[in-house]
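Add chains B, S, P, E and V to chain A, keeping to what the hints say.
There are 6 protein chains.
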Amino acid sequence: MKIGLFTATFLDTRLEEVCKMAAGLGYQAVELPAFSGNPHLDLDEVLKGSGAKALAKMIGGYGLAISALANHPEGQIVLGPYGKDTDGICKGSKEDKIKFGSERMVKTAQAANALGVPVVTGFVGCENFGRFFPWPYSKGWADMEQEFVERWGKILDKFAEYGVKFAHEPHPNQLIYDVDTALRSVQLMGGRKEWGFNFDPANLIYLDIQVERFIDELKDRIYHMHAKDGEVVEHNVKRSGRIPQGDWQRLGRGFRFRIPGWGSVPWK
Amino acid sequence: MKIGLFTATFLDTRLEEVCKMAAGLGYQAVELPAFSGNPHLDLDEVLKGSGAKALAKMIGGYGLAISALANHPEGQIVLGPYGKDTDGICKGSKEDKIKFGSERMVKTAQAANALGVPVVTGFVGCENFGRFFPWPYSKGWADMEQEFVERWGKILDKFAEYGVKFAHEPHPNQLIYDVDTALRSVQLMGGRKEWGFNFDPANLIYLDIQVERFIDELKDRIYHMHAKDGEVVEHNVKRSGRIPQGDWQRLGRGFRFRIPGWGSVPWK
Amino acid sequence: MKIGLFTATFLDTRLEEVCKMAAGLGYQAVELPAFSGNPHLDLDEVLKGSGAKALAKMIGGYGLAISALANHPEGQIVLGPYGKDTDGICKGSKEDKIKFGSERMVKTAQAANALGVPVVTGFVGCENFGRFFPWPYSKGWADMEQEFVERWGKILDKFAEYGVKFAHEPHPNQLIYDVDTALRSVQLMGGRKEWGFNFDPANLIYLDIQVERFIDELKDRIYHMHAKDGEVVEHNVKRSGRIPQGDWQRLGRGFRFRIPGWGSVPWK
Amino acid sequence: MKIGLFTATFLDTRLEEVCKMAAGLGYQAVELPAFSGNPHLDLDEVLKGSGAKALAKMIGGYGLAISALANHPEGQIVLGPYGKDTDGICKGSKEDKIKFGSERMVKTAQAANALGVPVVTGFVGCENFGRFFPWPYSKGWADMEQEFVERWGKILDKFAEYGVKFAHEPHPNQLIYDVDTALRSVQLMGGRKEWGFNFDPANLIYLDIQVERFIDELKDRIYHMHAKDGEVVEHNVKRSGRIPQGDWQRLGRGFRFRIPGWGSVPWK
Amino acid sequence: MKIGLFTATFLDTRLEEVCKMAAGLGYQAVELPAFSGNPHLDLDEVLKGSGAKALAKMIGGYGLAISALANHPEGQIVLGPYGKDTDGICKGSKEDKIKFGSERMVKTAQAANALGVPVVTGFVGCENFGRFFPWPYSKGWADMEQEFVERWGKILDKFAEYGVKFAHEPHPNQLIYDVDTALRSVQLMGGRKEWGFNFDPANLIYLDIQVERFIDELKDRIYHMHAKDGEVVEHNVKRSGRIPQGDWQRLGRGFRFRIPGWGSVPWK
Amino acid sequence: MKIGLFTATFLDTRLEEVCKMAAGLGYQAVELPAFSGNPHLDLDEVLKGSGAKALAKMIGGYGLAISALANHPEGQIVLGPYGKDTDGICKGSKEDKIKFGSERMVKTAQAANALGVPVVTGFVGCENFGRFFPWPYSKGWADMEQEFVERWGKILDKFAEYGVKFAHEPHPNQLIYDVDTALRSVQLMGGRKEWGFNFDPANLIYLDIQVERFIDELKDRIYHMHAKDGEVVEHNVKRSGRIPQGDWQRLGRGFRFRIPGWGSVPWK
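So the sequence lines, in the order shown, correspond to chains A, B, S, P, E and V. Position 11 (the first sequence) corresponds to 11 in my numbering; numbering is contiguous. Position 124 (the second sequence) corresponds to 124 in my numbering; numbering is contiguous. Position 214 (the third sequence) corresponds to 214 in my numbering; numbering is contiguous. Position 163 (the fourth sequence) corresponds to 163 in my numbering; numbering is contiguous. Position 131 (the fifth sequence) corresponds to 131 in my numbering; numbering is contiguous. Position 70 (the sixth sequence) corresponds to 70 in my numbering; numbering is contiguous.
Accuracy of the hints is not assured; some may be wrong.
Identical copies carry no separate label here, and so any pair may be met within one copy or between two of them.
In silico lysine to any residue, SDA-like type, Cα no more than 25 Å apart, as pairs [stated by the list, open to error]:
{"#": "1", "residue 1": "K84", "residue 2": "R151"}
{"#": "2", "residue 1": "K53", "residue 2": "H235"}
{"#": "3", "residue 1": "K228", "residue 2": "D96"}
{"#": "4", "residue 1": "K139", "residue 2": "D12"}
{"#": "5", "residue 1": "K268", "residue 2": "M189"}
{"#": "6", "residue 1": "K91", "residue 2": "S138"}
{"#": "7", "residue 1": "K84", "residue 2": "E145"}
{"#": "8", "residue 1": "K91", "residue 2": "P134"}
{"#": "9", "residue 1": "K94", "residue 2": "P134"}
{"#": "10", "residue 1": "K219", "residue 2": "L25"}
{"#": "11", "residue 1": "K94", "residue 2": "Y137"}
{"#": "12", "residue 1": "K268", "residue 2": "V106"}
{"#": "13", "residue 1": "K219", "residue 2": "H235"}
{"#": "14", "residue 1": "K139", "residue 2": "G88"}
{"#": "15", "residue 1": "K268", "residue 2": "G252"}
{"#": "16", "residue 1": "K94", "residue 2": "K107"}
{"#": "17", "residue 1": "K20", "residue 2": "L251"}
{"#": "18", "residue 1": "K107", "residue 2": "W135"}
{"#": "19", "residue 1": "K84", "residue 2": "Y137"}
{"#": "20", "residue 1": "K268", "residue 2": "F257"}
The set of hints was computed from the structure by calculation and includes no laboratory data. Note that the structure is a prediction, hence the values are computed from the model and not measured.
With the rest of the complex left out, here is chain A:
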């Protein structure tokens, strides 16, 4: 296993600088952002002429591997929400968003292939996460599962062509967010190998899930991992509960993301 750095944390710094720093700190890999307009990686550039080759060479020159291309925003809009919630990712109708998101995810896989990167990480989206509660519409979740099979099935067909896997990151506000929905998604996708997970323990303890249970039950489907931490803030959680709303800086939140080792993830 290689220890890597997700360069999107340093979008204000040129990619080569970030790689230099990462290599200097002993990292062995980088995960690169792939969404439109990000300053670190332009999918079209990668796919044009010797773009992939040049990029791979630069990164390899620092002794680094590319562990994954990450495209969370453009994956999100495949299943929604639509409307203003995702206008910042792609302005347009529901249909526009689905089309754009799907095409961009395929292009991300194509670029991964060109770069020799085995995995694309991201989100699958979720039109209305409130449907986890079976009222007022008990079929809401099943409807979204059907859309997941249809839309992501087509995308994964292309991933299969490119020999690239997709690693969804289970997370609150995603169609797949716990052990049950993860197992269900594997079943819905017929066990196809292009479908797996980016294991991020912080997103799981968020909801009171024991991260080892996810590993035990999904282990051969974990294709990538984020060393992210989160803290269940004991003196707040009894007021705000497990899924507090609002800004990350709000002091009263019962959950907040933390630097690895300072949160509630049992790293040992």
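Chains B, S, P, E and V only, in chain A's frame:
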């Protein structure tokens, strides 16, 4: 404090039978459903001629008070979600739903007034509960709060005229669901007395909230109460987390509602 | 072991009425208050003529035994505090209080002897409980222990003469209040058999002591027991701590006494 | 926020040596002891001629600020206990002690002003901490609160003149020792700004208080802080309880102070 | 599911009396002991002439079903221990014990068949339970597993012939005692349907196993159940650990069996 | 107290190399293995001519003391198990094993004496640990205790002659494994000073014992210590319980040994 029965649990039995049974069991009050088409109470009947008088007489005849009229479904559609999620409550466009929901809630207050009932209980709704998470649209929650102030402000103006209070039931999938959002809503409503809560401890422990904290911080805003219980299912919660999706009968759920005393609510 | 009732809970009812009620409820014994002026038992009456005989006959007539005479207030003033804190028990100088308290405790033993009661329960007192903390005067606790040996030693000499045991009730604000001080007191008293304890679990969980530990380490010194319960009030204790000050009715207290079975004592 | 060193930990070393050491270790501030006879700071010297100027210069020369003057012992005797408990601080009658303590605290403020130090830390005292329990004298605590208002009110008037704040350190055996008494003291002092707290988490976990609750409810009254730690000793606390008496070296204590990070304070 | 009584608890009472009592208390079934010499059921009698018919008639006459025949001791000696440990069950050499135990278990199945009882409960035995620890002989456990397959395989062949299932009761000191060994045994037995479990939650919490996990993972192999309870004795377990040795009456044990509802099994 | 290294962890390295490394890392002592055939220490060599002198000189040359000779395997066979379980230690009959084990332990003491080492560490053995459970043979444990007294009594007589103490390491699968059996063994040995313990906290938390309780109750009998750690693996223990069987590498084990600081031992 009177101990009452929410008659909506027995919609397949005639209201008078339910009242008879409740009185026989020693209950002192009933909470009556007010949504369209329910077989226990028709708002239009109540408001027509001596309808209210007759109903009050029948119930009083069993030595029972009416603690509240309950209208959760028609309150829900004031803030959404819209579309198919709430077509079962009111089929129509977003605007249709808002209009219908608002009018019905006002009519519920009018009927409460006619019956001498001080409180209407219900839900305020929530267009997309997933917006508790500040990505992909960080202003989503604030937008919904604004709509809450506008739409429910107008409804509460009418409640004020009728001398009736509204008691929202904090619950997952509602705009107001924890201590923080409850305090915030009081502030958003400018502290007006028509706005308060139906305290239901099961909905709070659901999210890991300590129910006594809700009482301590909102006590003079609690206008009604439900003695509902819920269980954090220890051997499941580490897999499904605190907000499991799916059917109530699914065995693997980390949370399920229970008969009072058999769940995790600390009744003592 | 007999189950008894401490009649001091019903000082507004005549003793005989209380006995009648207790017998009717199935109690097998009563514990009688012995402090001056209490309406249930007057030590001087008991010791005069056939007083003891008459009282014993009345109580025996209801099929009840007397498990103990209780004299907490007059035991308290043997070791203090003095001044206004105990003027309600005995107005006077420190010396007056010590003398009065000592004499009354001896008289309680004498009356117990006359009634054939094997145990007197009570408190030993504590001049300044704040001395548990070794600053500003590190020898304060040891000084009080010395006074305990001197004053209570003399009292227990008389108990020995009367063949009666004293059962101190470990409690916050007493010189003996936990397992350590209980063991130490046995040692300070040279292991004399007149010295033992009235085991009251509520007073121990108060301070986070595991009641079984008290039993395991002091078992042959437990001469009497109170089935009292207390609750560590979870939502308050994190604010007021384990030793909240103020009135028992104050809602914010982190500890309150409760009816047996409704508190934190593990009765099973 | 500056990280400082309380020099009273090194009373056997000359102040300048301590400052040198502190600066060398990267500390940014010092808190100086102000009680009579301590070898680091003599209030009379500071207030004489250019005493303050010279001291400030020496300390500033090491790049250090003075965060506070600390005077716990002489604050203690303002509210007691009196008698032998505090003869080590000031020998004399109750009245002598109150007078001396009050004057010394005022002089400490005067010296703080002369040195440009914004805060004096200390204890307010408590005549008999056992009064937290409402028996045998239920008005005992209220009496002490009244004395607090009278005596410390006068002292704080002088603090106001000198533009210095007093930061009481909540602690067992003090009149103010938990969240409730801290809030109450702010109210008793009419909200005056000279009255606030020296936040010391070890003293709070001692009694099972959640330190974050103190911060949440008193935050704008915290004028200074001690990074002290304490350990609830799990294998002892079930025997000795939360407020064990006796020497700090006694192995069986259920609570002991520890070096920061080795105790039960949640520093993260 | 029927609620039954294991008559072996009342071996000093005639079986018919026990059945009468059980029926009177509302039980719906009985589990009968089958080991040699027990006064309730003699396998040879059952298998002789109309023995089975008569017994079934008597029990059926009280409205009771026979849920299972229980034969723990004679199952135990199939896998040991041998020597004096099991001389009380069958005196003889290791080979004698294996032969006797195997034959008796087969006969128990035969009698179950004759009585129309679907299940035999019991223990499989374990030569040396200390082999759970892989030192000093790391292959010890695997050796015992092999013997289990051989000896119990033959016994279960006969069970198959009689159409009866065997329900082993996982328990400390048995080859199958936790979720892992239970799953492993199903695999070792090639999934044959004659092999399953008598679910006894007390035996599982004994070792800190969550009983629901056993149900989740072995549910279709649970053929019978014991409503037995056990208590992890909190004030002892930290001294004696989870597997205390010695007599059940020893007060210091960290675990003891209890009446259902008074132990640590989460019945709700 | 000296910090030492148990050289048996590096049996593939020459003893002198290990001592060199240990000294370089700052260790102050070594514990040497004494069982037959180990490459670090040959008891016969030590006892021959100047063997002890030479070894002591070499080790002392690196500034190291010898804290103990360790002989766990040859102690084990004194009490068993016998048969194939311990053929790897000594092939032969039960009597052979007892004789060989006893003689080797005596020789270990003799060598310790020759080297000036005050303690021998090891195991006492246990014929069948399953006898902790009082069925099927309730006298099994008492029988083993009797053998312990007889066989180890004779061995300790020799230890007494050599002026060396034996420190048994309480451990699952040993006759002495918790606080109760440790106290009992001291009693069985009549309090003789040659009998004590090698305190190894990992072996105690294994069974849910609080290590401080062992220290509190046996403190003057702890003659040596191992800084070993172990982890109660939370996500597994609910399935495999506290005493999982099988290989140390098996991922599903509820307990595993860990590097000090990474387990569940409370080192602080």
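Results for each hint:
{"no.": "1", "hint": "K84 / R151", "result": "both (21 Å within a copy, 20 Å between copies)"}
{"no.": "2", "hint": "K53 / H235", "result": "neither (52 Å within a copy, 45 Å between copies)"}
{"no.": "3", "hint": "K228 / D96", "result": "neither (33 Å within a copy, 45 Å between copies)"}
{"no.": "4", "hint": "K139 / D12", "result": "between (44 Å within a copy, 24 Å between copies)"}
{"no.": "5", "hint": "K268 / M189", "result": "neither (33 Å within a copy, 37 Å between copies)"}
{"no.": "6", "hint": "K91 / S138", "result": "between (30 Å within a copy, 16 Å between copies)"}
{"no.": "7", "hint": "K84 / E145", "result": "both (23 Å within a copy, 16 Å between copies)"}
{"no.": "8", "hint": "K91 / P134", "result": "between (30 Å within a copy, 19 Å between copies)"}
{"no.": "9", "hint": "K94 / P134", "result": "both (24 Å within a copy, 21 Å between copies)"}
{"no.": "10", "hint": "K219 / L25", "result": "neither (29 Å within a copy, 39 Å between copies)"}
{"no.": "11", "hint": "K94 / Y137", "result": "both (21 Å within a copy, 16 Å between copies)"}
{"no.": "12", "hint": "K268 / V106", "result": "neither (37 Å within a copy, 42 Å between copies)"}
{"no.": "13", "hint": "K219 / H235", "result": "between (34 Å within a copy, 15 Å between copies)"}
{"no.": "14", "hint": "K139 / G88", "result": "between (29 Å within a copy, 12 Å between copies)"}
{"no.": "15", "hint": "K268 / G252", "result": "between (28 Å within a copy, 16 Å between copies)"}
{"no.": "16", "hint": "K94 / K107", "result": "within (20 Å within a copy, 36 Å between copies)"}
{"no.": "17", "hint": "K20 / L251", "result": "neither (35 Å within a copy, 38 Å between copies)"}
{"no.": "18", "hint": "K107 / W135", "result": "between (38 Å within a copy, 23 Å between copies)"}
{"no.": "19", "hint": "K84 / Y137", "result": "both (23 Å within a copy, 8 Å between copies)"}
{"no.": "20", "hint": "K268 / F257", "result": "both (18 Å within a copy, 13 Å between copies)"}
Checked against the numbered hints above, the structure breaks hints 2, 3, 5, 10, 12 and 17 and satisfies the rest.
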